[in-house]
Each structure stands twice: as structure tokens, then as C-alpha cells.
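J.: Take the given structure of chain W and dock chain G to it, following the hints.
So the protein sequences, as listed, match chains W and G. Read left to right, the first sequence gives residues 1 to 318 (this note's numbering). Read left to right, the second sequence gives residues 319 to 642 (this note's numbering).
Rather than coming from a laboratory, the hints here were simulated on the basis of the structure. Bear in mind that the values here come from a model prediction, so they are computed numbers and not experimental data. There could be a bad hint or two in this list.
Each pair of labels, with its calculated beta carbon distance range [stated by the list, open to error]:
| no. | chain 1 | residue 1 | chain 2 | residue 2 | range |
| --- | --- | --- | --- | --- | --- |
| 1 | W | Glu172 | G | Val474 | 37 to 43 Å |
| 2 | W | Lys208 | G | Phe601 | 52 to 58 Å |
| 3 | W | Asp147 | G | Asp393 | 25 to 31 Å |
| 4 | W | Ala223 | G | Phe444 | 56 to 62 Å |
| 5 | W | Val122 | G | Phe444 | 19 to 25 Å |
| 6 | W | Ala223 | G | Ile624 | 44 to 50 Å |
Each residue gets a CB set at the ideal place from its N, CA and C atoms; glycine is no exception.
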Amino acid sequence: MTDTHLPPAETARARSRLAMAWDSDVGWSFRRSPVAMISAFVTIALILAAVLAPLFAPHDPFNPATLNLMNGFTAPGTPNAFTGDSFLLGTDDQGRDVFSTILYGMRISLFVGFSAVAFAMVLGISLGLLAGYVGGWTETIIMRIADVQLTFPAILVAMLIFGVAKGITPIEYRDEVAIWVLIIAIGLSDWVQFARVVRGATLVEKHKEYVQAARLIGRSPLAIMLRHILPNVLSPVLVIATISLALAIIAEATLSFLGVGAPPTTPSLGTLISIGQGFLFSGEWWILFFPACTLLILALAVNLLGDWLRDALNPRLR
Amino acid sequence: MFSYIIRRVLQSVLVLLVTGLVAFAMFRFVGDPVDSMLGQERTMQDIERLRENLGLNDPFVMQYWNFLGRALQGDLGISYRQGRPVAEIIMERLPATLELAAVSGLFALVLGIGLGVFTAIRRDGFAANAIMTLSLVGVSLPTFLIGILLIYLFSVELGWLPSFGRGETVDLGWWTTGFLTKSGLIAIILPSITLGLYQMTLIMRLVRSEMLEVLRQDYIRFARARGLKERTVNFRHALKNTLVPVITVTGLQLGSIIAFAIITETVFQWPGVGLLFINAIQFVDIPVMAAYLMLISVMFVGINLIVDLLYVAIDPRLRTEGKS
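Chain W on its own, in the form it takes in the complex:
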């Protein structure tokens, strides 16, 4: 799509880059693995559906003007008894189209997931590089904090951070900042993995000749860390980031399900599932079933993609 905006020479280079990626070892392993291709396709399709939700969604679930309470509890595929409206995946108690709420909910789940992983990645990589390259007291302090945090499951850490942040923010802003608090909480609970891997790789890299050469010509430590070491430790980071994304999506869903995450005004998949659980006993199964399936498919696809990437980037398995 973007190719058309580039001058011809640029286009050719971009294409050849794509072709290079396709011909590389990783590309070859991708073409040979049906699981990787299917999970990549599902992941991209779900991301596109979430990003383009306003185009796809038949209704805007957050605009009260378009909602009709008479449409509440319409079963999937069958017309409503009062209004005659039909909904692909049914409606919830307020007459919101379940298909549309899933698309908008997935938007929030993915936004929180990607942002949290990006935050954890930046924090983890910086601290890991610093610990590995500088060493000494800096390393001891950073890695000790990591050890203490690793004693506790990430989800518990995220809950605590969410609780404390909720205590600090004034009541009238709580719903507004909830999403950002969620991102920070999940991100802070997850940086340790990145820091450990980057530190380990940096310890190996920093004694190699190219780093010594860079030091010899007088490059600053910051430039050596970012321009020389970082590119060489990125492939394990990529694997962890993919697996972290699946974990972050599930963590977000869990927190929202427990009522300590996305507020009901901007429901994520987890919030939708917790709303649906209330109607399980009265027989309206679709309010729970479809968001739960979407979450499962999303998490499974990203997880399988991460698994494949780990094997594909592992030189020992080639």
C-alpha cells in the first residue's frame, strides 16, 4: 500500500528487502510451517478487524443514541421479538450488538497489550543494557530488584501497582486514567524478562572485538550500547516480546475480569466476559461465549506465533 508513495528506486529497494526477508532462513521456516502461517494470518486479521472496528462494526456500541433497549437479549441470528432487528452474534442486556462490542473490546485489549509490552521492552532493554555494560553497583541493584520482583507472579505485581495507582489518583479521574494505569501496571510487571535476557547477551557481546574497536575509536558508552550492542541482542528480545504480548493480553483480560482493569464504560474483552458471566445462569450464553472465544483465539494465535519464532530464531535447532 505504502509502496505507491515512494519513488521508483525506493520501491525497488523496499521490494527487494521484502523478498530478502522472504528468502531468509526465518522466511523459509515460515513458509514450511502451516501453524506459523495460519497463526500469523489470524493475528493480522484480528488486529485489522480491531483497528478498523468503526468501519466493520454494524453498530456503535458506545453511542447511547443508536441503542434500543427493546433489542436486549436478542439471540444470535434470530430476529428480535419486538423490533424485528437481527444481530449476527446477538445482543447483551442493554441491546448492544455483541459483534460490535467484541470488535471495540478487542481494540482496547490489543492497545493495552501492545503498549504494555512496548513499555516493558523499553524499560527492560535499557536496564538490561545498563546492567550488562556498566556492571558494578548499577548491575547489582538492578538485578537484585529483578530477583525480588521475580519472586512474585507477574499478575500479582500488576494488581498491586494498579491498586496503589488507584489510591493515588483522585476519584473523578479514575475511569479516565484506568487504561493507562493498566498499561503501566502490566508493563512494570513484565520488564524483568527483557532485562535478564538483554543483560545476559550484553555480557557476552561486550567482550567481542567489534565493541572493543568501537571503544578504541572513542565512541561514547551510550552510542556503543544503543548502536553496536543493541542490534546484536535483539533476536531473543523479539521472541520474548511476542510471548509477552500473549501474556499481556491474558493479564489484561484477567484484571478486567476481576474488576481491577478496564472500566465498564470502555470494556475490553475481559470486561465483556465478566459482564457475560452474569447471564450464564439465565441462558443467554452468547454474551459470554463469543468474547471468550475471541480472547482464546487471539491469545492462542499470538502464542503459537511466539513458539514458532523461538524455534525459527534458535540457531541450535536449525
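T.: Here is chain G on its own, set in the frame of chain W:
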């Protein structure tokens, strides 16, 4: 070995001091205790007197030290929401969580080892492969969805088991137990399966891979050559040697069982400390949150320490390494 034990214990104490500091910081800086304790009609003198009485004018380190001292004596402050001592509320809720964790742990251990041995011995069989595939699905399901699925199947559709609560309980002094009544025993089935399923699959996979490793060894071949019964070889010789890592992993998983009980307890409205913690977050009840953090860190660090020391006791190789 002695120096190793000392070092390990000191490390644990350090971790506890750090988490204690986090808990104290929450207690002290999130929300103003003076605000929450004095009503609308207060004077500057009241505030000053309360600050002095609560020790809020002392140096920070002094305050932290006093906080730790009080916590050690069981004084964890007063819940903002319930207006009762936090220690009392936690003691009331703790038996429910510990019973749930114990049953889940037992379920995970027994079924995990059993299925692990089974899938290792019949590794090419249909049943073993089906179990392995199912366990993959089980691992990728989030805990709360497993709970909802079980509720739907056994409470809504079949109507066999209750979907929430602990059933009737019996008071045994300060401990309330659900083990002595029929409704209590029925009520614990679904939550403990939900909580233990992940650990079960973990133990199963571990036992399976360890068993496969051991079954290849020479002494197993010799045991077979001696004409020992297949059962004797599998259980007396092979399984015994897989148990050391299993014990370690199980011990370490006990901590995460207690932490993940938060999710299970919310799904099943199980009246334990996990549910208490979630409610505390929802209502910003800082003293309860801080107390829960300290409780869980004592449990985690204690379990880790015991597992590490047991490991040294069981595995002689580590002892010599400690010496050198």
C-alpha cells in the same frame, strides 16, 4: 554447606525487608492516614496530636522500624472499609484459602504424577497422545475461563455441583473448616480443579520428560534384564529418581497456587484472602492491601527457602559445591 544456609537465610530476610518497605510506603504515602482517621470537624491541634501519637513526625527509618515491629506482633492496622483490625479479618479468611490451596496442590500432585508416569510408559499410545494435546489446550486457557467453563458444565448444565461459596463450615477454635460437612466437600471440588489444573499439567509434563530420560538409563535396562516385574521397574526404580525435581517444582508452585487463588476465589466467590485482596483494590483499602502483600511475601520467601534447603538435604552433589 553451613555458610550456604546462612547466606540463603540472609537473602530471604533482605527480600522480606524490601517487600516490607514497599508495604510500608503504600501504608504511609497512599492516602493520608490522618485524613481517613479524623472527621470533618478537626483542628490543627487535633491533627498535630494525632501525627505525634501515630509517630508520623518521627524520621522515616524510625517509622519503618516501628511498622515492622508492630507487624511482627500481629498489628497490621485497621481496615478503612470494615473498620476492624486487618489481622483479625485475615485470620478469618485464611483457612478458606489454605484449604483450597492444599486440595488443589494435592490434586495437581497426585494426578500430575499419575498421568506423567502413564504418558511416559505408553508414550506412543493414543490415550497418552490425547492427554498431551489436551494439556496444551489447558495451558493456554486463562484460569478464569477454566472456572467459568467448569461452572457452565457442572453447575448450569448438569446441576451437580455448586457454583459459588464454601458450603457449610465447622468451627474448630480459630480455624473454620469445610472438610467436615457434605456441602463443604462438594463446594471445594470445582474451585480446586480450576486452581490446580495449570500446576497439574506442569507436573505431568515434568514427570513425563524426567521419566523418559530415566527409562533410557542403563540401570533400568539391567533391572529389566534381571527379570524384575515391569511395575517394579517403573515405580520402584524409575519414578523414585524423578521425584527430586518434582518436589522442587511442586514446592515453588505452592506459592503461585496461593497467588492465583485470587482469580479462582473471585470466579467462585470463595471467601478467602484472595477475594479480600481484590475487594481491597476495588475499594482502595490500603491497610488490607499492604497486609496481604506482607502475608504473601512471607509465604513465598518461606516456601522458596524451605525448598532450597530441602534440595541441599536431598541432593548430595550440592553439598560439596557449597563447600568449595
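J.: Confirm or reject each hint.
T.: Results of checking the hints against the structure:
Our hint of 37 to 43 Å for Glu172(W) and Val474(G) holds, since their Cβ atoms are close to 39 Å apart. In this structure the supplied range 52 to 58 Å holds for Lys208(W) paired with Phe601(G), their Cβ-Cβ distance being about 54 Å. Checked against the hint of 25 to 31 Å, the C-beta distance between Asp147(W) and Asp393(G) comes to roughly 30 Å, which is consistent with it. For the hinted restraint 56 to 62 Å between Ala223(W) and Phe444(G), the CB-CB distance of approximately 59 Å keeps it satisfied.
For Val122(W) and Phe444(G), the hinted distance range of 19 to 25 Å is not satisfied, since their beta carbons lie about 48 Å from each other. Against the hinted window of 44 to 50 Å, the Cβ-Cβ separation of Ala223(W) and Ile624(G) comes to about 48 Å, which satisfies the hint.
This entry does not satisfy hint 5, going by the numbered hints stated previously; all others are met.
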